[in-house]
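Using the hints provided, position chains B and C relative to the given structure of chain A.
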Amino acid sequence: MPPFEDLTDDDLARISLPAVTFLHGGTVIDADGPRRADVLIRGGRIEAVGLQGLDVPRRAQVLDATGCVVAPGLVDLHTHLRQPGREEAETVESGSRAAALGGYTAVVAMPNTEPAIDCAAVVKEVQELGRDACCEVAVAGAITVGRAGTQLAPMAEMAALGVRIFTDDGTGVADTRLMRRALEYSSTVSRPDGTGVLLAQHCEDASMAAGGAMHEGEWSSRLGIPGQPHEAEELMVMRDLALARLTGTPIHFLHLSTAGSVELVRRAKAAGQAVTAEATPHHFTLTHAAVAGYDPVFKVHPPLRTEADVQAIRRGLADGTIDAIATDHAPHAAEAKEAPFDEAAPGMLGLETALALALTELALPIADVLALMSWRPATIAGLADQGRPVAAGEWANLCVVDPAATWTVDATRLASKSTNTPFAGRQLTGKVRHTVWRGEAVVVDGEAQR
Amino acid sequence: MAERERALAPPYGGVFVARAQVMSAEDVHRATWRMAHEIIERNHGTEDVVIVGLQTGGVWLAKALLEVIETVTGSGVPLGTLDVAFYRDDIGLRPVLPQSATHIPVELTGHTVVLVDDVLFTGRTVRAALNALVDYGRARAVQLAVMVDRGHRELPIRPDYVGRNLPTRRDEMVDASPEGVVLGDMVRRSAP
Amino acid sequence: MGELGRSGIEEVLALTDRFVEVNERSIPKVPALRGKTVVSLFYEDSTRTRLSFETAARRLSADVMSFSVSSSSVNKGESLRDTVETIEAMGVDAIVVRHKSSGVPWQLSGWVQPRTSVVNAGDGWHEHPTQALLDCYTIREKRGGGDGSGLAGLRIAIVGDIRHSRVARSDVSAFTALGAEVTLVAPPTLLPPSLDGWPVQVSHDLDALLPGLDVVYLLRLQQERMIEALLPSLREYTATYGLTARRAELLRPDALIMHPGPVNRGVEVAADVADLPSSVITRQVQNGVAVRMAVLYLLLGSGVDRAAL
Chain A
30 MPPFEDLTDD DLARISLPAV TFLHGGTVID ADGPRRADVL IRGGRIEAVG LQGLDVPRRA
90 QVLDATGCVV APGLVDLHTH LRQPGREEAE TVESGSRAAA LGGYTAVVAM PNTEPAIDCA
150 AVVKEVQELG RDACCEVAVA GAITVGRAGT QLAPMAEMAA LGVRIFTDDG TGVADTRLMR
210 RALEYSSTVS RPDGTGVLLA QHCEDASMAA GGAMHEGEWS SRLGIPGQPH EAEELMVMRD
270 LALARLTGTP IHFLHLSTAG SVELVRRAKA AGQAVTAEAT PHHFTLTHAA VAGYDPVFKV
330 HPPLRTEADV QAIRRGLADG TIDAIATDHA PHAAEAKEAP FDEAAPGMLG LETALALALT
390 ELALPIADVL ALMSWRPATI AGLADQGRPV AAGEWANLCV VDPAATWTVD ATRLASKSTN
450 TPFAGRQLTG KVRHTVWRGE AVVVDGEAQR
Chain B
830 MAERERALAP PYGGVFVARA QVMSAEDVHR ATWRMAHEII ERNHGTEDVV IVGLQTGGVW
890 LAKALLEVIE TVTGSGVPLG TLDVAFYRDD IGLRPVLPQS ATHIPVELTG HTVVLVDDVL
950 FTGRTVRAAL NALVDYGRAR AVQLAVMVDR GHRELPIRPD YVGRNLPTRR DEMVDASPEG
1010 VVLGDMVRRS AP
Chain C
3 MGELGRSGIE EVLALTDRFV EVNERSIPKV PALRGKTVVS LFYEDSTRTR LSFETAARRL
63 SADVMSFSVS SSSVNKGESL RDTVETIEAM GVDAIVVRHK SSGVPWQLSG WVQPRTSVVN
123 AGDGWHEHPT QALLDCYTIR EKRGGGDGSG LAGLRIAIVG DIRHSRVARS DVSAFTALGA
183 EVTLVAPPTL LPPSLDGWPV QVSHDLDALL PGLDVVYLLR LQQERMIEAL LPSLREYTAT
243 YGLTARRAEL LRPDALIMHP GPVNRGVEVA ADVADLPSSV ITRQVQNGVA VRMAVLYLLL
303 GSGVDRAAL
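Residue numbers (our numbering), protein chains in the order written: chain A, 30 to 479; chain B, 830 to 1021; chain C, 3 to 311.
Keep in mind that the hints were calculated from the coordinates and are not lab data. Worth double-checking, as some hints may not be accurate.
What the hints assert, rightly or not - With the Cβ distance kept under 10 Å, some of the chain C side facing chain B (calculated, not the full set):
hint	residue
1	Arg20
2	Ser28
3	Ile29
4	Ser63
5	Asp65
6	Tyr299
7	Gly303
What the hints assert, rightly or not - What follows is a list of derived Cβ distance ranges for each label pair:
hint	chain 1	residue 1	chain 2	residue 2	range
8	C	Ser28	B	Glu1001	35 to 43 Å
9	A	Thr437	B	Glu1001	32 to 40 Å
10	C	Gly93	B	Asn960	36 to 44 Å
11	B	Ala930	C	Arg285	15 to 23 Å
12	B	Ala930	C	Leu278	29 to 37 Å
13	A	Ala477	C	Ser63	32 to 40 Å
14	A	Gln302	C	Glu226	22 to 30 Å
15	B	His981	A	Arg442	54 to 62 Å
16	A	Thr458	B	Asp918	54 to 62 Å
17	C	Arg285	B	Arg953	48 to 56 Å
18	A	Thr441	C	Pro234	50 to 58 Å
19	C	Val287	B	Ala930	20 to 28 Å
20	A	Ala318	B	Lys892	17 to 25 Å
21	A	Asp204	C	Arg285	49 to 57 Å
All values reported here derive from a predicted model rather than from experimental measurement. Virtual Cβ for every residue (Gly too), placed ideally from N, Cα, C.
Just chain A, same shape as in the assembly (with noise of 0.2 Å):
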């Protein structure tokens, strides 16, 4: 074969060749720190990063990152792409978009479908299904069928499959024993690559949250709203801090709150206990004041919390205790918002908002965030390809961010299925303008390719 610039166009036409993209003029930030450099990109992979600047070759998709960060993928360790049984909020196709042009080039994918993604033959569909998204698509599996919580899914099963977290999210498992198992049953399974498998709780006592729509306190009182108080939350992660201490068994906690929960996971990682934990976009910003219109698009569960809780988010992030922050992005369609506050379905949408609001409010340099949005959650997630260096030889997860680009949330504009973002409106700095998956540019200019 020729070489690739020798090809006439006839020949491009005939024949399909490794992509070449080029990404010109930005800035290299990974966890090795920032520098300027022109990447080269060939076949899926990065082929050159130069220093010096690169020549550009003939015929590559050359991509503008003058002024950009290039920085590797963004991995989001929480998304619903409500696929299967949801289809008319989301589909894996509509998620993964929104994704891409969010900045990801991973998502995991929560096993709250219809069905549950809780047996092989599930997650063998959504992974079909992601194969044709705009992102890698990880799936996350249950912990126990359908999420009743009453039996253990069969997690060695699914771990053949390449599943590493499983989460009951949406709700937490109640029964203290059935988690203590799970948890001892986890320790020993093991994936294709020969790494372990995770188990992620949604921290919400059953019976202290039973019926709260939002944050109880001052503001659910004033609005008449049976709400969830901060232990519903609390009492599950120092349950679970013990359960894991008494199995001896690494745990993630799913969206972190409240200041008490964070002063938990705080204490722990100082006795050097095995846990991670996450935190959402909107509980670094929003508080439960946000209802007093009540608009379900501010229903979320966890809910919106106080400004103090706020503020120990924003410093659990600050001081690593919290690991990642994930979106936990939740579509719904029109009709399961447009219902009586305490019927709405709760969760908002986050994956096209949450680096640039990650990089409006949190006071962090932006190789911080990065860090928070990309190689963390990778390593949570057991990602092999994402959230790697900026280096040579590498997969070409990539995205191309501009940071002081300034825009407006448009929720009509978004490439999710549903509308439901409590930020728009809003104004934020930060946007992407380019993502690249395996070498493909999923993303340029901001708008989406496929």
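For chains B and C alone, kept in the frame of chain A given last:
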């Protein structure tokens, strides 16, 4: 409702600016005396007569007429007040809030009602008042007394007792009180 | 309720005077809202509130449509928004809504055209504004120092299930806006989780409070509160927080006994106490019609722009 208050109510907010005094306090007083005498004369005394002042502009005139009737005949007649806000035909077109109480002291069946207002203009207030009166019984007759008839009627209504016929332009304003009758204009207030 | 403020409440109360007079006539009906259509949309059974609103609308000569939504037909799948848009398409001027969920009237007013008024006839645990207005009117009528002074200086205790009570939330806003001093009396399980920002005092000792009160306002106790383990038993509740005959004797002779109804006789208030002259529970119901006439007239007849009440 008095013409002045109505004009002052938003969104027609404005300031009444007097241009010409057309009746003095003395003129108003004399006209009141004459109208009271006409009421007595027309009704062959005041037996069964009830005087009802329209809130709020007609109330002072109703009281003044009653005073004269008492002086002349040596006996009083029942005096009522009527707010017609709930009976107006322009509800919803502009703000109509009842200003004051309705108080009808007797069942009107068999009585002759003398409705009293300060200024008769389009006739719509009187039309509303006629409607309202029906809810208090079947009056034998209803008569109308006004201090000023300024014309521009929009309904087939005519007064029985008039203090003064006053030709006006439609956009002029008339303010009638015991202190006299003043012709003027509404000057729109600029928005604050 | 809070948005109405003192002047707003007083405007409604002043207008209510006019409608009390209308209701005393031999023909208690005025043509003010002829051609207007009022729909009562009740997602929760409340015969008395519905009748009160519908009577008020009819006495203003409005056409009244009654849309009864039993919980079973809600489950047939039509969403709240669809229902409301269907009703609105029939051409209505006001929707009077009662719903078990807090905030529904606010959501509705965002969905309907601006020309359609939404009246809150009680939403969840949140607000019951016309109840608060009629309570204010009744207190002012019986104890107020004439127009203008409102309820200034009156000491009012609201007793019972504050946590789940829309009446309590609206009454607290209205009474305090008019200058009354309000004390909430309830076991901790029946108080809201937080009282931050509430201009009230809290007491758990009814006996100590009664001699100093101008008004004792008893809330209805729902039977299901026992199931939720908020109270051990009705008997224990009555013994601690009920207005028994013995407690009624502690009240000053001119103090008022009030209740939003329907009364659980023998629970919140002893049977014979509810019939005392100082009990104005029936008067509350009468004034309810006049207050609701005032509210409907303000929204539909006055031509004055109003946000949802």
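Hint check against the structure, violated hint numbers in rising order: 5, 9, 10, 13, 14, 17 and 20
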